[in-house]
Amino acid sequence: MTHTHHSRILAGFLAVFASAATPVLAQDALALQITAAASASEPVELSLEALDALDQSTFTTTTIWTDGETRFSGVPLKALLAHLGAQGSTVEMVALNDYAVTMPIAELEDDAPIIATRMNGETMSVRDKGPYWVVFPYDSDPKYKTEVNYSRSIWQLNRVRVID
Amino acid sequence: MRTGLNGYRVAILAGFGLLLLVLGLMVSNLLSQLRDLSAAAGDNTQWSIAQLDTEFANLDATLADKLAGGTVSQEELQLRIDIALSRLNIVNSGRAAVLFGQNAEAADLIAPLNTFATETIALSDKPGPLGLDDLRALRDMVKTVRPDVRNIALLGVSLGAEQSQQRRAGFAQQLTRTGGIAIALLVLMGGLMVLLDRLLRRAANRDAALLTSSKLLTSTVAASLDAIVTADDSGKIIGFNASAEDVFGWTRQEIIGQTMEDTFIPHRMRDAHHNGMTRYLETGKPRVVDGGRVELAALRKSGEEFPVELNITSIEDDEGTKFIAYIRDISERKIDEQKLIDARDRAERTDRAKSQFLTVMSHEMRTPLNGILGVLDLLKTTKLTPQQERYAQIATASSEILLEHTNEALDITRIETGTLQLTPQAFDLPELVTSLVDVLEPLAREKQLGLTLQIEDAMRMGFVGDSNRVRQILTNLIGNAIKFTESGRIDLAVSGIHGPKLSSVKFAVTDTGAGIAPEHLEQVFEDFVALSHGEGRQTRGDGLGLSISRKIARQMGGDINLNSALGNGSTFTLTVPLERRDAIPDKDARPADTPPPTARPCKILVVEDNNINRKVLGDMLDGMGHDVQEAVDGADCLQKAGGTKFDIIFMDISMPVMDGIEATTRLRAEGGPNAHTQIVGLTAHGREEYREEAQRAGMNRFHTKPIRLDALHSIVADISAIAHAPLGAAAPTDALRDLCEALGPDKVNEIGERFFTELDAYTTQAHQGAFDDDPAALAEASHKVKGAAALLGLHALEAPLAELEQAARAGDLSDLTPRIKALDALAASERATFP
Numbered sequence: 028m029t030h031t032h033h034s035r036i037l038a039g040f041l042a043v044f045a046s047a048a049t050p051v052l053a054q055d056a057l058a059l060q061i062t063a064a065a066s067a068s069e070p071v072e073l074s075l076e077a078l079d080a081l082d083q084s085t086f087t088t089t090t091i092w093t094d095g096e097t098r099f100s101g102v103p104l105k106a107l108l109a110h111l112g113a114q115g116s117t118v119e120m121v122a123l124n125d126y127a128v129t130m131p132i133a134e135l136e137d138d139a140p141i142i143a144t145r146m147n148g149e150t151m152s153v154r155d156k157g158p159y160w161v162v163f164p165y166d167s168d169p170k171y172k173t174e175v176n177y178s179r180s181i182w183q184l185n186r187v188r189v190i191d
Numbered sequence: 004m005r006t007g008l009n010g011y012r013v014a015i016l017a018g019f020g021l022l023l024l025v026l027g028l029m030v031s032n033l034l035s036q037l038r039d040l041s042a043a044a045g046d047n048t049q050w051s052i053a054q055l056d057t058e059f060a061n062l063d064a065t066l067a068d069k070l071a072g073g074t075v076s077q078e079e080l081q082l083r084i085d086i087a088l089s090r091l092n093i094v095n096s097g098r099a100a101v102l103f104g105q106n107a108e109a110a111d112l113i114a115p116l117n118t119f120a121t122e123t124i125a126l127s128d129k130p131g132p133l134g135l136d137d138l139r140a141l142r143d144m145v146k147t148v149r150p151d152v153r154n155i156a157l158l159g160v161s162l163g164a165e166q167s168q169q170r171r172a173g174f175a176q177q178l179t180r181t182g183g184i185a186i187a188l189l190v191l192m193g194g195l196m197v198l199l200d201r202l203l204r205r206a207a208n209r210d211a212a213l214l215t216s217s218k219l220l221t222s223t224v225a226a227s228l229d230a231i232v233t234a235d236d237s238g239k240i241i242g243f244n245a246s247a248e249d250v251f252g253w254t255r256q257e258i259i260g261q262t263m264e265d266t267f268i269p270h271r272m273r274d275a276h277h278n279g280m281t282r283y284l285e286t287g288k289p290r291v292v293d294g295g296r297v298e299l300a301a302l303r304k305s306g307e308e309f310p311v312e313l314n315i316t317s318i319e320d321d322e323g324t325k326f327i328a329y330i331r332d333i334s335e336r337k338i339d340e341q342k343l344i345d346a347r348d349r350a351e352r353t354d355r356a357k358s359q360f361l362t363v364m365s366h367e368m369r370t371p372l373n374g375i376l377g378v379l380d381l382l383k384t385t386k387l388t389p390q391q392e393r394y395a396q397i398a399t400a401s402s403e404i405l406l407e408h409t410n411e412a413l414d415i416t417r418i419e420t421g422t423l424q425l426t427p428q429a430f431d432l433p434e435l436v437t438s439l440v441d442v443l444e445p446l447a448r449e450k451q452l453g454l455t456l457q458i459e460d461a462m463r464m465g466f467v468g469d470s471n472r473v474r475q476i477l478t479n480l481i482g483n484a485i486k487f488t489e490s491g492r493i494d495l496a497v498s499g500i501h502g503p504k505l506s507s508v509k510f511a512v513t514d515t516g517a518g519i520a521p522e523h524l525e526q527v528f529e530d531f532v533a534l535s536h537g538e539g540r541q542t543r544g545d546g547l548g549l550s551i552s553r554k555i556a557r558q559m560g561g562d563i564n565l566n567s568a569l570g571n572g573s574t575f576t577l578t579v580p581l582e583r584r585d586a587i588p589d590k591d592a593r594p595a596d597t598p599p600p601t602a603r604p605c606k607i608l609v610v611e612d613n614n615i616n617r618k619v620l621g622d623m624l625d626g627m628g629h630d631v632q633e634a635v636d637g638a639d640c641l642q643k644a645g646g647t648k649f650d651i652i653f654m655d656i657s658m659p660v661m662d663g664i665e666a667t668t669r670l671r672a673e674g675g676p677n678a679h680t681q682i683v684g685l686t687a688h689g690r691e692e693y694r695e696e697a698q699r700a701g702m703n704r705f706h707t708k709p710i711r712l713d714a715l716h717s718i719v720a721d722i723s724a725i726a727h728a729p730l731g732a733a734a735p736t737d738a739l740r741d742l743c744e745a746l747g748p749d750k751v752n753e754i755g756e757r758f759f760t761e762l763d764a765y766t767t768q769a770h771q772g773a774f775d776d777d778p779a780a781l782a783e784a785s786h787k788v789k790g791a792a793a794l795l796g797l798h799a800l801e802a803p804l805a806e807l808e809q810a811a812r813a814g815d816l817s818d819l820t821p822r823i824k825a826l827d828a829l830a831a832s833e834r835a836t837f838p
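One line per chain: the protein sequences are A and B, in this order. If you're matching positions, the first sequence starts at 28 in my numbering and goes up one per residue. If you're matching positions, the second sequence starts at 4 in my numbering and goes up one per residue.
A portion of the hints provided could be inaccurate.
To be clear about the criterion: a stretch of chain A counts as covered by chain B if any three or more of its residues have a C-beta under 8 Å from a C-beta of chain B, and this derived list gives those stretches [what the hints assert, rightly or not]:
1. 109-116
2. 130-136
3. 149-155
A short, non-exhaustive set of chain B residues, derived as facing chain A with CB atoms under 7 Å [unchecked claim]:
4. Asn47
5. Asp85
6. Ile86
7. Leu88
8. Ser89
9. Ser96
10. Gly97
11. Arg98
Far from chain B, some chain A residues (derived; all Cβ distances over 12 Å) [unchecked claim]:
12. Val71
13. Ser74
14. Asp79
15. Thr85
16. Ala122
17. Asp125
18. Asn185
Treat the hints as calculated values from the structure; they're not laboratory data. Model, not experiment: these values are computed from the prediction. Here a beta-carbon is modelled for each residue, glycine too, at the ideal position from N, C-alpha and C.
If we strip away everything but chain A, and leave its shape as in the complex, we get (with noise of 0.2 Å):
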């Protein structure tokens, strides 16, 4: 609670690089913690098995960031607070290098976004925007081709957290 509230108050990469200092690098980098309500004081740390034993989903398409088609495969965001009972309206989502980005809960779709665990059928490592990206199948509708929603695409995703 704390610590989220440094991030979220100071800015700059000192900053981030203090919050990063102590919780983040403590834990394994590629597990994902979840908080999954603003009222609950211990966020959730989930392991990469631990989101493949949920449903997944799985897409090919084409993103402005890598070159050519890529199929991605990995949990919906949805699906993944439905499943950790999370309550509120917004979800907020923090990359390791605390780049953090908010989306209205009731935005979420069956199947957009996921959070993408495989790329091309393999781990991401951090060096590749690993260990989670968030992704939307842009091909699939032109609805997913907004700013907004390339805004929501954070990747190296660390940290999700139901606020409000």
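Assemble chain B onto chain A, guided by the hints.
Just chain B, lined up with the frame of chain A:
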């Protein structure tokens, strides 16, 4: 109107089409703009590129901290390196790669970055934790590459800005285009609005006009005097105006919805009507429809049929053909027409009856006149006291005037009924006028008037024309002149012009009488007009004379003109076209006062049903020294002529039991002793009606009753000169005598032999039936033989041959055999006359 409307509709539809098209264009344009706007990822890419610098700064700071002996863990350092490396990947792929793709500066900047990435990966992936040297090397590399990183980030921003600029320009262009389309759309809509407004106004005007004309039409139909019935193509009545109710007796309510066939078309016409309608609807060929006015019959409700005048027109509308019938009840007109026709027929009948009456009266008057004049002529041959002689003279003169009036009445009737016939014959003009003047001169002398004659030398010649009519007209003109001139003289001047074929001969009768006022010049030629002086004395015009004269002159192709002035006398000019002919004067034209040639005593049969006339004629001939027998009709004549041969037969035309025509025909055909006797036809009916018939029957002469003593002398003398010697002895004809004198008897006998041989061949051929189917050949042969007979002066043969030729030309071969037989008999007797 309809095409105009279609034109508007096409324009409006095209307008709407264009609108839709433009709208489609606009929508697609806007959609593509929207897509561009919403799908644009330029800013995100720029952000990603800009983040590169941040991550390198982070890495630099982490390295600095680590080198300064900070608390940075190995994992965290590794994470920072990985994050920085992952950022480098961004520059090399996706939109960023596209952004930098063609830029040489970018390529220069990216190359050291990639070298850095390779070296860093090699360094960081080395097994074990990074040593101090590694950290320093890494820090140096980071420091070295940071300007490039900064530059690539800046370049990204500037390229991105450029791209944005382009997109904005494109966007502006698209907006301009869309705006243009919107303006065009507005203009188009405005145009369509104007058009619609115009159409609406026009439709409103037309509606108003239609309403007016419809009202007008309704009131016209309602007020029409003609019945107007409208029907559809099945014949069902859909309109019936007030007049129609009056005419047909049906009310509108009753008849609407019924068919014309079942209501007012007469039963006998229903089939024809039905067929006509079917035909019209199938072929469109009208007979009654659109065919103008026709007269037909129609039926009233009461079942009574009446005549109508009908005019049907048709119109086509959306529901099919409609017929409009204009019907007029013409029953009253028809009745009036019939009345007029009846009146006209009655008038014509009356007129015919009048003519008939005149003709009959004339005949009935002539017959007793015949008796009176004959007896007076006879009376004058007896010994009379001077007083008796004067009485007889007066009675004769009065009878002659009466006869003249009867003749005039008959002439008028003939002219009116168009039966006046002209009989052209050859005559000698000087002889004609001289004899005329000789006859009238005593009349003029009585009034101490001079009568002179002048004939132009060029006119002293023979002509062909109806000389009797010319004489009649001139007698009338000169007679009038004498009658209406008190003192002075009357001149007859004959002049003329010789045309190429005909000569126009002019007879001018000039008197020194009182003259005629200009306003009466034409009046004197009218029927029954006599001009009178103030004291009531008749001066000019004698009733029918001038009127008849002018009518006859006009029928001859000429005219009578009058030139006169009050106090200066009058000139009546007769002009007639005559054919020139230098011929011997006709025997008929012989002057009446030349002494009649003395005839040898002849055997004469008088056939006449009127006792007085028969007796008078008989007594006249008896007085002339002839042997006279009498017969009362044709049958009696045949009986008497069967046993005795006569030299002359005087034959009345109209007789009971058997008329003169039939009696003559039979005498000629039966070949008895009188087959060749000279027959003189007599009729009281006038001069022309029976002339042709009499000639055809075989009469040699034709004379109108009453026959006067002088005329009788001439006739008998003429006939006895050419006919056989008394008591039937054969005698050569004049022509034959002339031939004998010229050629000698032997030569004439030779010619005669040849002729009779030819004649025998002809009759034999006829008996054998050679001509039965060939009238033309018979006509040809008859003509040839007739010519030869004429040459030899065999007139007795010439006449029947001429008849045969005529009959053959008419195709009438019915009584060929008796005719040929008669010819044979005739030939035998003629042969005997040859020396």
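So, against the hints stated earlier in the document, which numbers end up violated here?
1, 2, 16, 17, 18
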